[in-house]
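Since the structure of chain A is already known, use the hints to place chain F on it.
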Amino acid sequence: MAHPDPDRLTLLALGDGGPDTAETAHLGTCPACRSDYDSLRTIAGLGREVAAELSLPPVADDVWHRIAAETGQDPAGSPRAGVSAGQDPVGSPRGSVSAGRDAAGSSRPSVSAGQDPAGSSWVGVSAGQDAAGSARATVHALPHRGRRTPARRLFRYAAAVVAAALVAVAWVVTASGGDPGRVVAEAPLSRQPAAPAGAGGQVQVVDDGSGTVRLKVRLTGMPAAEGLYEVWLYDGVNTMIPLGVTAGADLEVAVPPGLSLSRFPVIDVSAQALGQQEHGTSMLRGSVRA
Amino acid sequence: MPRTEGGVRPLVPDDLDRRFAAGDAGALRAVFDRHGPAVQRLARASLRDPADVDDVVQSTFVSAWNGRSTYDPGRAGLLVWLLGITRRRIVDLLRSRGREHRDSEAAAAVSPPETAVAESPERVLDRLIVADGLARLPEAQRLVLHLAFYADLTHTQIAHRTDLPLGTVKSHLRRGMRALREQLESSAEEVNDGAPGSRPPHAARPR
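Protein chains in written order, with our numbering: chain A, 1 to 290; chain F, 291 to 497.
Be aware that one or more of the hints could be misleading.
[As the list claims (entries may be wrong)] Computed, partial: chain A to chain F, Cβ under 10 Å:
1) Thr10
2) Arg48
3) Pro57
4) Glu186
[What the hints assert, rightly or not] Computed far set for chain F versus chain A, every beta-carbon distance over 10 Å:
5) Gly326
6) Asp344
7) Pro363
8) Arg365
9) Leu383
10) Glu480
Derived by calculation from the structure, the hints in this document are not laboratory data.
Just so you know, these numbers come straight off a predicted model, no measurement behind them.
Every residue, glycine too, gets a C-beta built ideally from N, C-alpha and C.
Chain F with its partners taken away, still in its complex shape:
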């Protein structure tokens, strides 16, 4: 079965990503405004102490800004790159506390005991990545996937609602879903890039 659409990046490139990489004045604030909540969300999924969460958010953006020359907008979306940094900062923080973890993987995956599996940091991370991918899909693919995900419409209902031919709806769904899968899979690599220890095979891959 064909699994990917070649090496073509299916997502719409983001001007802010490039501005950030270029060190544009104002880009850090804009990136903080846009992606700060997602960074904070991931930190909260892993850390109980709100002060720790704030520290991780702060160090993520400081590291990102100082290391912006290492960010390649052609390789990954900025949020994915930021979340990779966040993940490493969480590991660093837990390690610096001298907590005992078998390895950094366990540290990154640690979560409050009352947290349900659906709220595990890994699941939250995957969701944030998919949300980001969805927002960056070409408009037509994004629209049909919105209708499939949020309005729970079938492809026939989507075709009726959008007045698109059935075949077009199906091909937008296929392309969009595969683009999201590529985003999730390539993000798994990006998020783990340079991280001490690596993440187990991604959920999106065959198990």
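Here chain A stands alone, though its shape is the one from the complex:
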């Protein structure tokens, strides 16, 4: 037979359908297609494992201090070179767009996008769409975290991330069907290493027909929270969006309009110390599937 086309080979490597008899035979005899297929399968396998590398613990501050000392850097952070106070959207040297490091979660640049129902200051960047559908992003100052960041550049980065998210949202069709209260997706929440054995949960995505999608989160076997549990949407890469907190009771939260679960398919439940603004320690995690 002819060589399978590259699109087809990609789908096979992703496990999206199986090879038919002719394709199996061809892959058995054509070294070029076989190696193409095998290398793509390697990528597919690694891609599926990537989730294991997304919540890496930060490096201890002490290590940074040693690096700073050896390289002559300001250990407290960096000079805000090139940032004019008047133009800086963050507004003050105490502002920080990227929380940067959290206690236990990812320390990749993270931008919290979404609504801030409680009016508290944990939202770094809130994003939305205006009536005309164009993206806007606003920044709220975060409390000082003991160091300075090149906030303006990070702001640009953050704004770009948010804008990219909104572009994605523009052509992502939500699975909304219209029946009030219809469960459009659900997923188990799996215990993360920090959670005790027996901990678990369930998340349901409910479309109430008003255009707002809500998450119903049920927690089981979770210890009494020392602080609070917080529910986050996660894109699996570098953006986590806090949705709401609970002391352990079941929780129902609205997904901010303009955000798509296609873009943020991972639901994370973290333990947060009281007052902790960054993502704390992951306790449960699940991925919403179609």
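Relative to the frame of chain A, chain F by itself:
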């Protein structure tokens, strides 16, 4: 079969990479914040002693900063370049301990005995490289691959979810997967560049 899309770098270039190469004030801290966890992850996959891990992370960033003029943002992503340094620092550290290894390759690949194969340093390194590549793909490719990898959707389901034509989804998947493969393969060269001893043929290559 066409294996690559020519010499075009498929990944979105990163402004921070260029700032680091240029020695911008604040770039080191930003790079440390962004890539430190991945560097530490690789070190932990190879070294048991937390103090050794800290030493490797420290020397990686110090070497990187001092040698930033040798980093070419057009050639590799900064993380890949950093992980290459990390790998060499791990080898250096193990050698300086006078441990007996047949060669540096064995040293770099050494891992705690209880570590499963899936957690071998080489596998962790490959994953970190793919994670980095994924984060730097053009948005549309990244989105469809996220849905394929994390939500386990088929191309038909992705098309339904995104309202993209089926052919577009398939072409994004193909381009994204091939870009990741190129990233992994070129990274194998970059990571080994200048390393004493070379890594065996990469897993992404035909065996």
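Here's how the hints hold up against the structure:
At its closest, the beta carbon of A:Thr10 sits 4 Å from a beta carbon of chain F; the interface hint therefore holds under the 10 Å criterion. Nearest Cβ of chain F to the Cβ of A:Arg48: about 5 Å, under the 10 Å cut. The hint holds. Restraint check, A:Pro57 versus chain F: the minimum CB separation of about 6 Å is within 10 Å; hint holds. Checking A:Glu186 against chain F by beta carbon gives a least distance of about 13 Å; that is not within 10 Å, so the hint is violated.
Against chain A, the non-interface label of F:Gly326 is violated: not every CB pair exceeds 10 Å, the least being about 4 Å. With a minimum CB-CB distance of about 5 Å to chain A, F:Asp344 fails to clear the 10 Å threshold, and the non-interface call is violated. Distance check for F:Pro363 against chain A: the nearest CB is about 16 Å away, which clears 10 Å, and the non-interface claim stands. Consistency note on F:Arg365: stated as away from chain A, and its beta-carbon is indeed over 10 Å from all of that chain's, at 21 Å minimum.
The Cβ of F:Leu383 sits about 15 Å from the closest Cβ of chain A, beyond the 10 Å cut-off, so the non-interface label holds. Against chain A, the non-interface label of F:Glu480 holds: every CB pair exceeds 10 Å, the least being about 17 Å.
Comparing the model with each earlier hint shows violations of hints 4, 5 and 6; every other hint is respected.
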